[in-house]
Amino acid sequence: MKTYSKHIALNTEKKEIINITSRVQMILHDSGIKEGMCLVNSMHTTSALFINEDEQGLKQDLLKTIEELIPQENDYKHFGDDNAHAHIKSMILGRGVTIAVSENKLELGQWEQIMFLELDGPRTRKIAVKIIGE
Amino acid sequence: MKTYSKHIALNTEKKEIINITSRVQMILHDSGIKEGMCLVNSMHTTSALFINEDEQGLKQDLLKTIEELIPQENDYKHFGDDNAHAHIKSMILGRGVTIAVSENKLELGQWEQIMFLELDGPRTRKIAVKIIGE
Amino acid sequence: MKTYSKHIALNTEKKEIINITSRVQMILHDSGIKEGMCLVNSMHTTSALFINEDEQGLKQDLLKTIEELIPQENDYKHFGDDNAHAHIKSMILGRGVTIAVSENKLELGQWEQIMFLELDGPRTRKIAVKIIGE
Numbered sequence: 001m002k003t004y005s006k007h008i009a010l011n012t013e014k015k016e017i018i019n020i021t022s023r024v025q026m027i028l029h030d031s032g033i034k035e036g037m038c039l040v041n042s043m044h045t046t047s048a049l050f051i052n053e054d055e056q057g058l059k060q061d062l063l064k065t066i067e068e069l070i071p072q073e074n075d076y077k078h079f080g081d082d083n084a085h086a087h088i089k090s091m092i093l094g095r096g097v098t099i100a101v102s103e104n105k106l107e108l109g110q111w112e113q114i115m116f117l118e119l120d121g122p123r124t125r126k127i128a129v130k131i132i133g134e
Numbered sequence: 001m002k003t004y005s006k007h008i009a010l011n012t013e014k015k016e017i018i019n020i021t022s023r024v025q026m027i028l029h030d031s032g033i034k035e036g037m038c039l040v041n042s043m044h045t046t047s048a049l050f051i052n053e054d055e056q057g058l059k060q061d062l063l064k065t066i067e068e069l070i071p072q073e074n075d076y077k078h079f080g081d082d083n084a085h086a087h088i089k090s091m092i093l094g095r096g097v098t099i100a101v102s103e104n105k106l107e108l109g110q111w112e113q114i115m116f117l118e119l120d121g122p123r124t125r126k127i128a129v130k131i132i133g134e
Numbered sequence: 001m002k003t004y005s006k007h008i009a010l011n012t013e014k015k016e017i018i019n020i021t022s023r024v025q026m027i028l029h030d031s032g033i034k035e036g037m038c039l040v041n042s043m044h045t046t047s048a049l050f051i052n053e054d055e056q057g058l059k060q061d062l063l064k065t066i067e068e069l070i071p072q073e074n075d076y077k078h079f080g081d082d083n084a085h086a087h088i089k090s091m092i093l094g095r096g097v098t099i100a101v102s103e104n105k106l107e108l109g110q111w112e113q114i115m116f117l118e119l120d121g122p123r124t125r126k127i128a129v130k131i132i133g134e
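Chains as they are written, first to last, in this note's numbering: chain A, 1 to 134; chain B, 1 to 134; chain C, 1 to 134.
With the rest of the complex left out, here is chain A:
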């Protein structure tokens, strides 16, 4: 059994969706692991990480829809910061995905891309990639 770990660093804008698929694929390639699982986790509480299509209009639709559901201004009680909305969006969208690895490739469907969503930038963000298998 082998394990392999790397971190991806991102410098983000205020709000931004960043496609990190090719970076994860490069890490998987370097790992040499052929069969197993690849975990990709954002290590932050005001960002999200999910898999879906990378299309400009759709990214606007996502940002607008979650802003309507969980507005930035809403009489929140969260201490010290004005970013409660970003925390709650993060909880709902999730902070990580696990992807099957077969023949040293990520098992992603035709339109599936790994997307990082900054909800409270600009910041320096760190994403943990961990691959286990053989």
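Calculated directly from the structure, the hints in this document are not laboratory data.
Hints are not guaranteed to be accurate.
Just so you know, same-sequence chains aren't split out, so a pair can sit in one copy or run between any two.
What the hints assert, rightly or not - Here are the simulated DSS-like pairs of lysine-lysine, each with C-alpha atoms no more than 25 Å apart in a straight line:
1) LYS77 / LYS59
2) LYS15 / LYS126
3) LYS14 / LYS105
4) LYS126 / LYS6
Let chain A serve as the given structure and place chains B and C on it in line with the hints.
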């Protein structure tokens, strides 16, 4: 260490929730893996995969509630298709689950079932099942 | 390759968010596994499990926001129980997380804590922790 992979194929209706638990259990049985993890991933951007109870009324409640939160018609910008709502529902519900495997069984609670949700059918869908362990 | 399993038992209030990070860290420590993955799954259909900050005001904000999005009373069809809202909140927030394990430590960011959310208590709840690696 062992790994084992299979795909489940589904032919879906326009909107539909399909219980795939017994199919995943059969794959786990065939794998012979006793202790480890089982990953179940929908490979599509307009479907979802989650774990919850399989009850007719509850399935209607879920479809109605997510339609109220993310309506099918809403001035979306997504290019080419009219299914932005399905993408956003998919992002929020998620496209995969990871389940503990103990004594060659899925560690699911009494009411927990693995449910596939078609949001933009009818289509042929593919679900990746990957088990690693020993 | 090693695997290690434990269950965490919780006695919950009606609605409650419980930080279980230190209990998961203790299980990881006992496992002796240095590199791998740690799966934490709530085994119930009316609770949720996610990673975010443990701050009193933010916990109130989360409970209030999800109650506004998915109200307890809403003409649900779910048979027998009046807890459809709890099921749907569970589907949206998710019932599990997978965390990278490096040097026998959970790879969590500075503010990240593992949080269990009771949506339909009081109950006795069981959380499966499974670690695989070496």
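Now the hints, each set against the structure:
For a Cα distance limit of 25 Å, the shortest separation of LYS77 from LYS59 across copies, 9 Å, qualifies, whereas the shortest one inside one copy, 29 Å, does not. For the homomeric pair LYS15 and LYS126, the shortest alpha-carbon distance inside one copy (16 Å) is at most 25 Å, but the shortest distance between copies (33 Å) is not. With identical chains, the CA atoms of LYS14 and LYS105 are never at most 25 Å apart, being 32 Å at best within one copy and 31 Å at best between copies. Only within a single protomer do LYS126 and LYS6 lie at most 25 Å apart by alpha-carbon distance; the minimum there is 10 Å, versus 29 Å between protomers.
When held up to the earlier numbered hints, the structure conflicts with hint 3 and nothing else.
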